[in-house]
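Visitor: The task is simple: from the sequences and hints, build the whole structure.
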Amino acid sequence: MTVLLPRTAALTGILTTAAALALSACGAASDASTTADGRSAASATSAGDFGGVDALAKEAKKEGTLHAIALPRDWASYGALIDGFEKKYGIKVEVENPTGTSQDEISAVTSRKGQENAPDVLDLGSSFAQSAAQQGLLAPYMATGVSKIPDDQKDSIGRWSNDYGGYISFGCDTKRVQTCPTSFKDLLKPEYKGQIALNGNPSKAGSAFGAVYAAALANGGSFDDIQPGIDFFAQLKKKGNYTTVESTPATIAKGETPISIDWDYLNAGYTDALKAKGRDWTVTVPSDGLFSQYYSQAINKEAPHPAAARLWQEYLYSAEGQNLRLKGHARPALMPAMEKAGTLDQAAAAKLPKVSGTPSFPTESQQSSAKFVISQSWDQAVTG
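In case it helps, mature numbering (1 follows the signal peptide of the UniProt record, and there is no 0) puts the sequence shown at residues -22 to -1, 1 to 362.
The set of hints was computed from the structure by calculation and includes no laboratory data. Even for Gly, the Cβ is constructed at its ideal location relative to N, Cα and C.
Straight-line Cα separation of at most 27 Å, DSSO-like style, residue types lysine-lysine; simulated pairs:
| id | residue 1 | residue 2 |
| --- | --- | --- |
| 1 | K332 | K167 |
| 2 | K91 | K39 |
| 3 | K305 | K66 |
| 4 | K153 | K167 |
| 5 | K215 | K232 |
| 6 | K305 | K255 |
| 7 | K279 | K349 |
| 8 | K215 | K349 |
| 9 | K171 | K215 |
| 10 | K216 | K182 |
Computed beta-carbon distance windows for the label pairs:
| id | residue 1 | residue 2 | range |
| --- | --- | --- | --- |
| 11 | D32 | G320 | 23 to 31 Å |
| 12 | D357 | G92 | 27 to 35 Å |
| 13 | S338 | T122 | 25 to 33 Å |
| 14 | S89 | D266 | 38 to 46 Å |
| 15 | G256 | S343 | 40 to 48 Å |
| 16 | S21 | S89 | 17 to 25 Å |
| 17 | T122 | K167 | 47 to 55 Å |
| 18 | D357 | D202 | 18 to 26 Å |
Guide: Listed below in structure tokens is the structure:
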């Protein structure tokens, strides 16, 4: 997605939409991924359980397909990751609903249980990953690289682990905004009337959820108290500064959402594409609401292609996969370990938006409580 987080990155304007997966009444293919000596990919909690990554790759190639959902090609290098995985392993990656949300992913898992078109893998905002784990929807699997991720950024039995993230930031079109904001306090200025947007509803989208948390921290709130963030956006709406138009590259290009509060890696990634459309897009991490979150990777407990799902995790947490994240302006979870090992792409790291200080992250219970508060009050306070 979280803390690099939940997601609705509606990138409709510049994304190539993958064909929707055909609905099938067939049962999941998990039983097929069993070796001659009885090892089952569906029950493997590590590559070693299945004889190593090479054995996993061999079985995954037999499955031939990986089903994914809500993976925009322009989001944190997913286009390059999908292409690299397909080329390396000869496995087709089918992406359904690329502009979907974390909640859409969870809904697909629950509504398609036992069906061939259920998603194999999930990319979720951290609060959504934790919720899915609590619901018993995720398979325990610890990819090789995950051992080097700090304990507070992964589930103890491998049901989810952080992959990439960033900071809440302000993207701003300098062709339409005379003075771009640098703090949440600035957003209250009358000059920003009708200009400030999120990329979705925070009850469904991780980046919007993160924006509300950041606003809370900037206005006397805390990880235990997200209400000041909701109150802040209610105030923005009352002043006429907040627009309910969801921010996408298309709405930015049209001038409909000249100030977008989003993850820094998404805002930074828009810069070149928007320049070609005549927009001078700048990115600033607000000084008064420093909030960072990661998106987490997980495997559907009943993945139709269990070997391919586990191989995908191995690829994402490899040095190759993590450096591709970095090239997409996202901060990979393995960044400190890779820097220490000398495997980090230093040129890509140097292009990240500048921030100061060390980020802290809300606990699972704090995120769950914040998510509940938003679900109960956001629509009435802000969009109602």
